[in-house]
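Undergrad: Whenever a hint applies, use it, and build me the whole structure from the sequences.
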Amino acid sequence: MNKTELKEFLDEKVVRYNNPDFIDSDPIQIPHLFSLKEDVEIAGFLAATIAWGNRKMIINNSHKMMSLMGNSPYDFVLNHTEEDLASFDGFVHRTFNAEDFKFFIQSLKNIYQNHGGLEAVLQPKGNADNYQHAIHHFKQVFFEILHQPRTLKHVSDPLKGSASKRINMFLRWMVRDNATGVDLGIWKKHSQANLHLPLDVHTGNVARKLRILTRKQNDWKAIQELDLTLRKFDKKDPVKYDFALFSLGVFEKF
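For what it's worth, the numbering used here labels the leading residue of the sequence shown as 1, then goes sequentially.
These aren't lab readings, by the way, just hints derived from the structure by calculation.
Keep in mind that this is a model prediction, so the values were computed, not measured.
Treat the hints with caution; some may be incorrect.
Stated by the list, open to error - Subject to a maximum C-alpha distance of 27 Å in a straight line, what follows is the list of computed DSS-like cross-link-like pairs (lysine-lysine): (1) 3 x 37; (2) 139 x 3; (3) 160 x 102; (4) 102 x 3; (5) 56 x 13; (6) 125 x 109; (7) 37 x 125; (8) 153 x 102; (9) 253 x 56; (10) 13 x 139; (11) 188 x 125; (12) 235 x 125; (13) 160 x 125; (14) 188 x 3; (15) 221 x 235; (16) 160 x 37; (17) 209 x 232; (18) 235 x 209; (19) 188 x 216; (20) 253 x 232; (21) 125 x 232; (22) 253 x 221; (23) 13 x 253.
TA: Take a look at the structure:
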């Protein structure tokens with residue numbers, strides 16, 4: 001396929017998969033449970049944090065996290081007690097355990113009380129047209145309070161080469177606004193033109209088969225390579241192609 005044919009092919013897949021039916025099988029259903037902005041943000045961030053491995057397990061464990069917070073994430077973050085956090089004991093999702101979960105709640109409280117919330121902390125500074133430094137800054141703020149070294153691995157840093165898949169997915173959920181209602185688009189101070197593809201095994205493999213990605217590693221340099229092509233396909237909404245690449249890999253076994 002030439003570039004025009006490839007764009008048409010991917011645009012067709014976006015139309016097919018970027019619709020509310022996608023929500024039922026995806027962790028994005030978790031923030032969709034809520035209407036209060038801060039509830040949506042916190043639910044989305046926590047669900048995105050554990051979004052690796054079996055998708056059914058991700059969704060089930062995300063629901064458990066919401067339940068442990070009384071299905072009121074923002075109120076829980078601001079007003080939890082040590083006794084409340086003790087109820088997390090026994091929670092585990094792969095390498096993310098109860099101690100990690102407890103720290104995340106404490107750090108989120110610090111972010112909302114002292115830094116203006118998740119939207120403010122992840123806002124790119126100046127004229128930046130990408131989130132590389134914003135995500136790096138976010139990690140610095142997130143771990144400015146006392147923490148265990150083991151928890152550091154659960155927040156990635158693109159300045160250290162990470163593709164930051166889970167944070168980029170969270171950003172897509174919060175920033176991208178579209179008429180189909182899949183992504184939530186509640187962060188109006190951010191620009192969806194600056195978003196990056198949440199690069200994982202599926203999207204990476206499909207992108208290589210379609211020859212829009214040559215880099216073998218799924219890292220930040222691969223993100224930058226994909227940015228160049230996807231922003232040419234749609235400069236206002238480049239990350240919509242996540243629906244095409246991911247679904248080709250997961251649902252169509254492309």
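Undergrad: With reference to the structure, classify each hint as holding or not holding.
TA: Results of checking the hints against the structure:
In summary, the hint linking residue 3 to residue 37 is not supported, as the alpha carbons are separated by about 39 Å, beyond the 27 Å threshold. About 37 Å separates the Cα atoms of residue 139 and residue 3, which puts this hinted pair outside 27 Å; it is violated. Distance hint between residue 160 and residue 102 is fulfilled; the C-alpha atoms sit about 25 Å from each other, no more than 27 Å. For the proposed pair residue 102 and residue 3, the alpha carbon gap of about 47 Å is over 27 Å, so the pair is violated.
With a C-alpha separation of about 23 Å, the suggested pairing of residue 56 with residue 13 holds against the 27 Å cut-off. Note on residue 125 and residue 109: the hinted pairing holds, with a Cα-Cα distance of about 23 Å set against a maximum of 27 Å. Distance restraint check for residue 37 and residue 125: the Cα-Cα separation of roughly 22 Å lies within the 27 Å cut-off, and the hinted pair is therefore satisfied. A hinted pair counts as satisfied when its Cα atoms are at most 27 Å apart, and residue 153 with residue 102 qualifies at roughly 15 Å.
Straight-line distance between C-alpha atoms of residue 253 and residue 56 comes to about 18 Å, which keeps the hinted pair within the 27 Å bound. Using a Cα cut-off of 27 Å, the hinted pair residue 13 and residue 139 is violated, with the two alpha carbons roughly 34 Å apart. Distance check on the hinted pair: residue 188 and residue 125 sit about 15 Å apart at the alpha-carbon level, within 27 Å; holds. Taking the CA atoms of residue 235 and residue 125, the gap is near 20 Å; set against the 27 Å cutoff, the hint holds.
Straight-line distance between C-alpha atoms of residue 160 and residue 125 comes to about 19 Å, which keeps the hinted pair within the 27 Å bound. Only pairs whose Cα atoms come within 27 Å are accepted, and residue 188 paired with residue 3 is rejected, the gap being roughly 32 Å. For the given pair, residue 221 sits about 19 Å from residue 235 by alpha-carbon distance, which is consistent with the 27 Å threshold. At roughly 31 Å between alpha-carbon atoms, residue 160 and residue 37 are farther apart than 27 Å, so this suggested pair is violated.
Note on residue 209 and residue 232: the hinted pairing holds, with a Cα-Cα distance of about 19 Å set against a maximum of 27 Å. Taking the CA atoms of residue 235 and residue 209, the gap is near 23 Å; set against the 27 Å cutoff, the hint holds. Distance restraint check for residue 188 and residue 216: the Cα-Cα separation of roughly 35 Å exceeds the 27 Å cut-off, and the hinted pair is therefore not satisfied. Restraint check for residue 253 and residue 232: the C-alpha separation of about 26 Å stays at or below 27 Å, so the hint holds.
The suggested pairing of residue 125 with residue 232 holds, with an alpha-carbon distance near 23 Å, which does not exceed 27 Å. Distance check on the hinted pair: residue 253 and residue 221 sit about 25 Å apart at the alpha-carbon level, within 27 Å; holds. At most 27 Å may separate the alpha-carbon atoms for a hinted pair to count; residue 13 and residue 253 meet this at roughly 13 Å.
Going through the hint list in order, the structure does not satisfy hints 1, 2, 4, 10, 14, 16, 19.
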